[in-house]
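Those protein sequences? They're chains P and A, same order as listed.
All residue numbers for the first sequence refer to the UniProt record's numbering, where the first residue is 1 and numbers rise by one.
All residue numbers for the second sequence refer to the UniProt record's numbering, where the first residue is 1 and numbers rise by one.
Keep in mind that the hints are not guaranteed to be accurate.
Unchecked claim - In silico BS3-like pairs for lysine-lysine, Cα to Cα no more than 25 Å straight-line:
id : chain 1 : residue 1 : chain 2 : residue 2
1  : A       : Lys167    : P       : Lys115
2  : A       : Lys167    : P       : Lys167
3  : A       : Lys118    : A       : Lys167
4  : P       : Lys115    : P       : Lys167
5  : A       : Lys55     : P       : Lys167
6  : A       : Lys115    : A       : Lys167
7  : P       : Lys118    : P       : Lys167
Because the hints were derived from the structure by calculation, they are not lab data.
Each chain, written out:
Protein chains: 2
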Amino acid sequence: MREVFHQSLEDVQARLVEISELVTIAIDKATRAFGSSDISLAEEVIEADSIIDDKAIALDELAIEILARQQPVARDLRIVVTALRVSASLERMGDIAEHIAQLTRMRFPERAIPKGLKSTFTRMGELDVEVARTLTELLRNEDLSLAELLRNSDDAIDELHISVFEKVLSDSWTGEPSATVDATLASRYLERFADHAVSVSKKVVYLATGDWAQDTDSESVPATV
Amino acid sequence: MREVFHQSLEDVQARLVEISELVTIAIDKATRAFGSSDISLAEEVIEADSIIDDKAIALDELAIEILARQQPVARDLRIVVTALRVSASLERMGDIAEHIAQLTRMRFPERAIPKGLKSTFTRMGELDVEVARTLTELLRNEDLSLAELLRNSDDAIDELHISVFEKVLSDSWTGEPSATVDATLASRYLERFADHAVSVSKKVVYLATGDWAQDTDSESVPATV
């Protein structure tokens, strides 16, 4: 019984890592599809999102089953609670990757990235992929220095997000309304992706230490600029 | 001991209702401030958001404490699990109200609602308030017919959301880029607010019945139109 118990706890943590890996693949493909108007890559992301959704639901089910049958305590309890508290955020990160893929598909065969913002969005996409990889590593090994690294990437993404609005609201902006809408939504998605990762990382700090980090899902930039 | 236990479980459910009430007040004030450029009402919402954040954290703490000390089962366990799974969504709904208040403050003394969209945004705001009230009632009494009602309001909001994009992308749109950005963000916030409510309502169905509704946090409209 004890052994079965520990197997299922290991399973919970392994599943968190697995979902985070799938999210990493999704955001990598989605941001590359967005940058190069690659419709088949975009389709792959849209297709695969339901797998992430299903895995998040199955993880919640497993966590609740463990709580009901095995009444874990201390660190074991924290693993289960963390799963329940972060599964929805990981699922949302997958949704955001899907949204970026949908933007790509919606504008195809035209480019989804508005003129003049290609390098900004490319950099934001790279940073989001980095964030997802770091989060996966953090979930795997609970090396809390990774949480710090993650926050730094989030700060860099926030700055790029603000620069998108500065560009769109500047006199030099000649984009059509559709380009303004796309820039606004894409920037918001890419920025929110990293916010979710930071929110998950704070809950991993709780998992590892039992301490509550100040862990509301706050945003470090205002709603608009 | 048994009595203390039941008190704290009632407390969990009462706190969920309380947070949902605070969210209702926030979205009511925020959407009215947005509609009338009422800066002091907007400031109230921004000021009060940290109360919602704190209450969500305290609720998570209480839920974990109950899990650790009292090993609840069956419906008692579902109450605690539901709290852990929905607290973040309620907190996000509060954040969204704050974002709408921030948009209002950002544009003050000018109007935040772009020309030609006033009646659409007024209606979306009213529907969001209705959604928040219905959700509070659902959390209070678990009358599952309210979950259905809530989905209908969400559908109506989604249609209005799509109509905002149709307007902004039509030939008749003469708004500046800043108006396009504001319309895009405000519409997205108001639409997401209802999505979160639907997501919470699905978890209340689980609480009441023990059945898993198909409960990913999916969105019923595409990322853009």
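Notebook entry, point to check: Within a Cα-Cα threshold of 25 Å, do Lys167(A) and Lys167(P) meet the stated pairing?
Noted result: Given that 25 Å is the threshold and the Cα spacing comes to 23 Å, the pair holds.
Next item on the list: Would you mind confirming whether the straight-line C-alpha gap from Lys115(P) to Lys167(P) stays at or under 25 Å?
Entry: Given that 25 Å is the threshold and the Cα spacing comes to 11 Å, the pair holds.
Next item on the list: Would you mind confirming whether the straight-line C-alpha gap from Lys115(A) to Lys167(A) stays at or under 25 Å?
Entry: holds, 11 Å
Notebook entry, point to check: Given the hinted pair Lys118(P) and Lys167(P), is their alpha-carbon gap at most 25 Å?
Noted result: holds, 12 Å
Notebook entry, point to check: Given the proposed pairing of Lys167(A) with Lys115(P), does the C-alpha separation stay at or below 25 Å?
Noted result: Since the Cα atoms of Lys167(A) and Lys115(P) sit roughly 22 Å apart, the hinted pair holds (cutoff 25 Å).
Check: If you draw a straight line from the CA of Lys55(A) to the CA of Lys167(P), is it 25 Å or shorter?
Finding: violated, 38 Å
Check: Lys118(A) and Lys167(A): Cα distance at most 25 Å?
Finding: Given that 25 Å is the threshold and the Cα spacing comes to 12 Å, the pair holds.
Consistency with the previously given hints fails for number 5 only.
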